[in-house]
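Trainee: Each chain is listed here by its residues.
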Amino acid sequence: MTAALLEVDGLVKQFGRHGARAVDGVDLRLVEGEALAIVGESGSGKTTLARCLLGLIEPSAGTVRLCGADLASLPRRRRRAVRARAQIVFQNPLASLNPRMTVERLVAEPLRLHAGLRGERLSERVDALLGDVGLDAGHRRRYPHELSGGQAQRVAIARALACEPSLLVLDEPTSALDVSVQAQILNLLADLRDRHGLAYLLISHDLAVVRNLCTRVGVMFAGRLVEVGEAGAVFAAPRHPYTAELLASAPGAGRAALMAGEEAADPGGPRRSGGCHYAPRCARRAELDGPEACARDRPTLPDGADGAACHFALATRREGRAHHDEGVSL
Amino acid sequence: MSAELATLPRAAASPAPRSRLRGAWEVFARDRLALVGLAIVVLLVLVAVLAPWIAPDPAQGRGAAAVAQRNLAPSLDHLLGTDPLGRDVLSRVIFGARSALGVALAVVSLAIAIGVPLGLLAGYRGGWVDEAIMRVTDTFLAFPPLLLAMVIVSLLGPSLRNAALALAISWWPWYARLVRGVAASLRERPFVEGARALGLSDAAVMRRHLLPNALGPIVVQATVDVGSVILAAASLAFLGLGAQAPAPDWGLMVFDGRAAIFDHWWYSTFAGLAIFLAVLGFNLVGDALRDALDPREARR
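Residue numbers (the UniProt record's numbering), protein chains in the order written: chain A, 1 to 330; chain B, 1 to 300.
One thing to keep in mind: the hints can contain errors.
[To be verified] With beta-carbon atoms standing in for the labels, derived distance ranges:
#1 135(B) / 125(A): 13 to 21 angstroms
#2 139(B) / 280(A): 48 to 56 angstroms
#3 184(A) / 21(B): 43 to 51 angstroms
#4 185(B) / 296(A): 31 to 39 angstroms
#5 138(A) / 159(B): 22 to 30 angstroms
#6 185(B) / 15(A): 47 to 55 angstroms
#7 187(B) / 127(A): 17 to 25 angstroms
#8 187(B) / 146(A): 24 to 32 angstroms
#9 15(A) / 135(B): 56 to 64 angstroms
#10 187(B) / 134(A): 38 to 46 angstroms
No wet-lab data here; the hints were simulated from the structure.
Even glycine gets a Cβ: it sits at the ideal position worked out from N, Cα and C.
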């Protein structure tokens with residue numbers, strides 16, 4: 001078994017003392033080269049989770065271990081090196097690039113910082129990275145606003161790659177882009193993963209993107225992972241009622257946004273201390289005439305295995321859930 | 001490609017340099033008042049730099065008395081007349097530009113040096129750091145700047161240097177507040193978070209990513225402030241708390257001439273005019289810069 005690249009234990013992020021828990025007890029494990037997607041409606045805590053993983057915000061509880069090291073307990077100098085192993089690509093490429101820096105300087109910045117490159121060697125490496133993401137030397141002197149959205153996203157990816165990360169967190173990497181460009185960026189990402197053996201943690205609500213890039217998927221609802229499994233299996237035969245709802249709300253097959261409606265962010269009513277937090281919205285529970293367990297015990301994911309956090313998980317169509325990426329339609 | 005850009009949210013509304021610099025100049029050049037202001041500022045700087053060569057009598061400009069020619073009215077020999085000590089007023093006014101600009105630049109630089117780092121820190125860090133720094137600046141801002149400067153000079157003893165120091169102490173909070181606002185608005189932007197994810201230290205994020213984006217507002221504020229500080233320094237000198245005789249200083253000259261304003265009007269008047277022109281020039285340029293550097297501001 002490959003060593004764990006990322007280990008998350010009981011991660012909680014609460015905003016304000018009595019505020020909502022954006023992330024409410026997430027356990028996660030990612031090995032080298034793995035591609036995991038986190039899907040869920042807006043407000044389910046996906047992005048907060050990602051920002052915690054990168055150490056951009058302090059978790060309220062729980063630990064994040066990157067390459068075996070707990071970010072929070074590392075001394076500053078070591079933290080910088082470990083942190084560089086995980087990089088992020090944001091949704092809006094123009095907003096994620098400093099408007100006052102040229103492409104050249106943007107890509108060179110992490111190279112100076114981590115590899116300590118200067119002069120000729122720095123310049124060569126910048127060229128190599130730009131080539132890696134499908135840009136040429138002609139783009140070096142441009143400013144972000146002089147680039148197209150796709151080009152800007154390529155620069156953002158080059159900048160992330162400059163740190164030679166093991167893990168790339170992709171926060172909706174294509175949803176701000178034009179349709180024709182989305183595919184190019186997806187291909188680039190798939191390509192880079194093969195070439196550099198990167199692990200991806202993809203945050204998305206676009207199932208087409210998820211299927212394109214990731215083998216595994218975690219479904220998030222109100223700050224918790226409710227189902228984890230092989231992407232094909234989860235999409236074909238969801239076991240958590242929420243996953244089923246999410247899939248059903250995706251219009252048509254193919255590329256579709258999974259944005260749930262206004263009620264999405266709030267599971268309804270004050271969050272109770274016990275019981276399943278999806279219960280108030282759960283169709284399965286209604287179907288079963290509101291069994292007591294749903295209100296009494298908090299369901300958990302099976303330890304270290306794929307499955308759903310539900311007392312009455314939907315039956316899988318096939319028991320051996322692996323390998324049926326083919327023929328899955330949404 | 002244009003279709004692609006159209007689908008992107010306009011989060012890129014933040015200024016971008018180089019090509020924008022040219023755009024800014026075009027906006028600036030279209031503004032006639034701005035050009036008038038620029039002409040005044042350039043003239044002032046030239047006069048200050050070249051004072052020893054263009055003043056009719058540099059020695060008198062610096063303060064040497066010439067009692068034989070006291071209180072002469074403006075004439076071809078002395079274009080702006082002479083003062084009670086017989087010094088050529090034109091020379092005095094020309095040398096006064098040095099003192100005025102020197103003080104203003106020193107004060108504004110010092111205020112920026114103190115205020116900008118504090119503002120960046122407050123805006124970027126937020127939380128209690130922000131609270132602490134902003135409460136201190138609020139305390140300073142609660143006093144009228146001139147009053148605060150007067151108190152400080154009274155404590156330190158009147159001199160040009162102490163006046164500059166006092167003005168800087170009462171001026172820095174404006175920069176702290178201005179920069180704090182910019183930094184706080186940029187803090188949550190993805191490019192700042194991305195810079196942190198790269199592993200940049202807080203200092204590097206502030207210097208390389210926040211500061212360049214705050215330069216526009218700082219430059220605008222600094223330009224307007226040069227004018228305000230010239231006025232404030234002149235006020236302090238007028239009150240006897242700034243430059244001391246026989247230094248050539250506009251504020252001092254206005255003070256010295258005030259008693260004889262009806263008999264020898266030229267002494268105070270030309271120094272006062274110089275102050276007026278300097279403040280006007282820097283204000284015009286500052287206003288135009290504000291419009292040129294931030295088109296959104298212009299439409300308000």
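Trainee: Now tell me if each hint is right for this structure.
Mentor: Against the structure, the hints come out as follows:
{"no.": "1", "hint": "135(B) / 125(A): 13 to 21 angstroms", "result": "violated (46 angstroms)"}
{"no.": "2", "hint": "139(B) / 280(A): 48 to 56 angstroms", "result": "holds (50 angstroms)"}
{"no.": "3", "hint": "184(A) / 21(B): 43 to 51 angstroms", "result": "violated (32 angstroms)"}
{"no.": "4", "hint": "185(B) / 296(A): 31 to 39 angstroms", "result": "violated (47 angstroms)"}
{"no.": "5", "hint": "138(A) / 159(B): 22 to 30 angstroms", "result": "violated (58 angstroms)"}
{"no.": "6", "hint": "185(B) / 15(A): 47 to 55 angstroms", "result": "violated (19 angstroms)"}
{"no.": "7", "hint": "187(B) / 127(A): 17 to 25 angstroms", "result": "violated (33 angstroms)"}
{"no.": "8", "hint": "187(B) / 146(A): 24 to 32 angstroms", "result": "holds (25 angstroms)"}
{"no.": "9", "hint": "15(A) / 135(B): 56 to 64 angstroms", "result": "violated (24 angstroms)"}
{"no.": "10", "hint": "187(B) / 134(A): 38 to 46 angstroms", "result": "violated (32 angstroms)"}
Consistency note: the structure conflicts with the earlier hints numbered 1, 3, 4, 5, 6, 7, 9 and 10.
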